[in-house]
Amino acid sequence: MKILVGVKRVIDYNVRVQINREGTGVVKEGVKMSVNPFDEIAIEEALRIRERGDASEVVAVGIGPSAAQQQLRTALAMGADRALLVETEDELQPLAAARILQKIIERELPELVILGKQAIDDDCNQTGQMLAALWGRPQATFASDLKIADGVATVTREVDSGLETIEVDLPAVVTADLRLNEPRFVKMPDIMKAKRKPLDTLPLTELGVEMPAALEAGVCEPPPKRAGGVKVESVEALIAALKEKGVLA
Amino acid sequence: MSSVLLVAEHDGESLNPATGRALSCAASLGEVDVVVFSSGADAVGTEAAGLEGCTRVRHVTRPENAHPLAATLAPQVVELAADYDYVLAPSTTFGKDLLPRVAALLCVPQVSDIMEVVDPRTFKRPIYAGDVIHTVRVPDGVKVVATVRIASFPAAGSASGPAPVETVSSSAELPSHTRWVGLAASGGDRPDLQSARRVVSGGRGVGSEDNFRVIYSLADRLDAAVGASRAAVDAGFVPNDMQVGQTGKIIAPDLYVAVGISGAIQHLTGIKDAGCIVAINKDGEAPIFEVADIGLVGDLFQILPELESALEGLDA
Ligand SMILES: Cc1cc2nc3c(=O)[nH]c(=O)nc-3n(C[C@H](O)[C@H](O)[C@H](O)COP(=O)(O)OP(=O)(O)OC[C@H]3O[C@@H](n4cnc5c(N)ncnc54)[C@H](O)[C@@H]3O)c2cc1C
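Chains A and B supply the protein sequences, listed in that same order.
Going by my numbering, the first sequence opens with residue 63, and the numbers climb by one from there.
Going by my numbering, the second sequence opens with residue 240, and the numbers climb by one from there.
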């Protein structure tokens, strides 16, 4: 079985993002970039499935600028067998990303695709679902547990009311939630080894994907600030403050 | 006037309150038909028909709709979508799972988490864990498919008279590749986290599942729902459905009490719309105090019992 995992290059989650002067986006120059944390979990899960003997190959796929090779190298260092970057300078939206992944699926014929449930830059939470729709295959989103047997994946999903379990026939798309696993740390020798693993790049223009309609991007602005509050010294003062605000009778 | 199809979220017995909030957003865009997919939940349709802003309830009953699976619901939404300018759902795990599948089948982009309607095609939505608000516009001639960030909209009130409920038959071909197995709901008697007026949340500082008793106890005193930070969920103190934040629940209670929570941006984005935020933390420098309306620095194990007994005499 072959597993395809998605790897998106995003601003590291520890960075406090800055809106650029024009208000058209956020500052990315000189900012630490990382693998989207949910994608890291997706990679880890694929590796564990391979290590259990349920898969033979893990292919990491990225869509982005040439610099996104860096994040694919991280995936290779974690243990992915090979990587593919669909190169584009454009910032693509989820529907376009799903179309591209669909094209890659037609070439690679994986039985399982694992993506992060959302990317922490645009926070869209769409790509996996869209890919599953375009592919005409099942989706199991927000996965916190994944078992595979006899061509069927049994997936526990973190939903608002608790933990839901569904069964999906493979091939399928699974999207990883935070508690699916804890990704491994990459060690120095792994980084060296990853340099020799195959990483192909393919210009988006050569893939022959027709770009779908996209949302028009408007301004970026900071969120409304909450007015600063007060610190109180005691429980009595806390209760008095709550009463003053009308929160307590 | 534009026409809006809003997909109702329910558990087979009652309408999820998220639907009522999404309806408030939907009603500002046009005439709203609320569609209920079920295997026979009449009560849900009746409930939806009683909400202000609902023009009509459309009830699609099929045995496959006994449980909400995106793969089986999406083709049925698409079947109805042709008649509408907008297809909306609440931005809950239900809506987040379903709507992108619908959008892709319709070959249109989706707007996730509408927090403000700027004009009929232009919306504000949070990105970067809510650190940036992005305005996006759906191009002319493209159907608007979007999820609604429920914390940004008030619950719809009750209508003066019920809207008509109409049964719609569906002949969409449904896949059998996705099967529902079960739901382990942690539930309980406490108020629902997403719609509660008051919420008490505990973080890593609470220390253990056992210690969480102090949180439950205070919550019960305040008739509040209980939430948690990711760290508290990851550590196994509480179940996953209590997580508040970027990747948990986005809530807007009148009162939010954060106990032993540092205030990471991923957590704060879930509580931005709370009326009054109270922080109890032993570290006076914790970032939670930057957003708290009222802060109290100290050991939660001392403060909480004291607070609870001080509340004893009050009609909280
Ligand atoms: C992709 C991604 C998504 C995430 N999504 C979420 C999310 O949805 N929700 C979320 O909450 N987090 C999320 N996080 C995690 C987030 O970054 C923080 O790690 C997390 O919120 C920290 O939880 P905490 O405040 O409970 O723990 P800590 O940051 O460890 O804070 C514990 C606090 O408890 C205080 N404390 C300790 N003992 C006591 C005591 N006896 N009395 C009083 N105070 C005490 C300490 O001073 C400290 O401030 C996400 C992270 C990533 C990378």
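Quick caveat, the hints were computed from the structure, so don't treat them as lab data.
Note that beta-carbon positions come from the ideal geometry of N, C-alpha and C, so glycine has one too.
Any given hint could turn out to be false.
[As the list claims (entries may be wrong)] The calculated lysine-lysine pairs, modelled on BS3-like cross-linking and capped at a C-alpha distance of 30 Å, are: (1) A:K90 <-> A:K249; (2) A:K307 <-> B:K521; (3) A:K259 <-> A:K287; (4) A:K257 <-> A:K64; (5) A:K305 <-> A:K90; (6) A:K259 <-> A:K249; (7) B:K511 <-> A:K287; (8) B:K382 <-> A:K305; (9) A:K165 <-> A:K249; (10) B:K521 <-> A:K90; (11) A:K259 <-> A:K90; (12) A:K165 <-> B:K382; (13) A:K94 <-> A:K255; (14) B:K382 <-> A:K293; (15) A:K305 <-> B:K511; (16) A:K94 <-> B:K382; (17) A:K64 <-> A:K255; (18) B:K511 <-> B:K521; (19) A:K165 <-> A:K64; (20) A:K249 <-> B:K521; (21) A:K307 <-> B:K511; (22) B:K511 <-> A:K293.
[To be verified] One side of the interface only, derived from the structure: several residues of chain B facing chain A at Cβ under 10 Å: (23) V407; (24) S456; (25) Q485.
[Said to hold, decoys possible] Pulled from the structure, derived: some chain B residues nowhere near chain A, Cβ distances all over 10 Å: (26) S263; (27) T294; (28) V299; (29) L319; (30) D449; (31) D538.
Here is how each hint holds up against the structure:
1. A:K90 <-> A:K249: Holds, at about 27 Å.
2. A:K307 <-> B:K521: Holds, at roughly 24 Å.
3. A:K259 <-> A:K287: violated, 47 Å
4. A:K257 <-> A:K64: holds, 22 Å
5. A:K305 <-> A:K90: With Cα atoms ~45 Å apart, K305 of chain A and K90 of chain A exceed 30 Å; violated.
6. A:K259 <-> A:K249: holds, 16 Å
7. B:K511 <-> A:K287: holds, 9 Å
8. B:K382 <-> A:K305: Given pair K382 of chain B, K305 of chain A is violated - Cα atoms ~47 Å apart, limit 30 Å.
9. A:K165 <-> A:K249: violated, 33 Å
10. B:K521 <-> A:K90: This hinted pair is violated, its Cα atoms lying about 35 Å apart.
11. A:K259 <-> A:K90: Answer holds: K259 of chain A to K90 of chain A is near 28 Å, not above 30 Å.
12. A:K165 <-> B:K382: With a Cα-Cα distance of about 25 Å, the restraint between K165 of chain A and K382 of chain B holds, given a limit of 30 Å.
13. A:K94 <-> A:K255: holds, 23 Å
14. B:K382 <-> A:K293: Violated. K382 of chain B to K293 of chain A sits at ~49 Å, over the 30 Å cutoff.
15. A:K305 <-> B:K511: holds, 21 Å
16. A:K94 <-> B:K382: Violated - the C-alpha atoms of K382 of chain B and K94 of chain A are around 37 Å apart, more than 30 Å.
17. A:K64 <-> A:K255: Roughly 21 Å between the alpha carbons, so the hint for K64 of chain A and K255 of chain A holds.
18. B:K511 <-> B:K521: holds, 22 Å
19. A:K165 <-> A:K64: holds, 16 Å
20. A:K249 <-> B:K521: This hinted pair is violated, its Cα atoms lying about 36 Å apart.
21. A:K307 <-> B:K511: holds, 17 Å
22. B:K511 <-> A:K293: holds, 19 Å
23. V407: The hint is violated - V407 of chain B has no Cβ within 10 Å of chain A, the shortest such distance being about 22 Å.
24. S456: Violated, about 15 Å.
25. Q485: Since the shortest Cβ distance to chain A is 7 Å, the answer is holds.
26. S263: Consistent with the label, S263 of chain B stays out of reach of chain A, its closest Cβ about 19 Å off (over 10 Å).
27. T294: holds, 27 Å
28. V299: holds, 19 Å
29. L319: holds, 16 Å
30. D449: holds, 21 Å
31. D538: For D538 of chain B, whose nearest Cβ neighbour in chain A is about 12 Å away, the distance exceeds 10 Å, so it holds.
Checked against the numbered hints above, the structure breaks hints 3, 5, 8, 9, 10, 14, 16, 20, 23, 24 and satisfies the rest.
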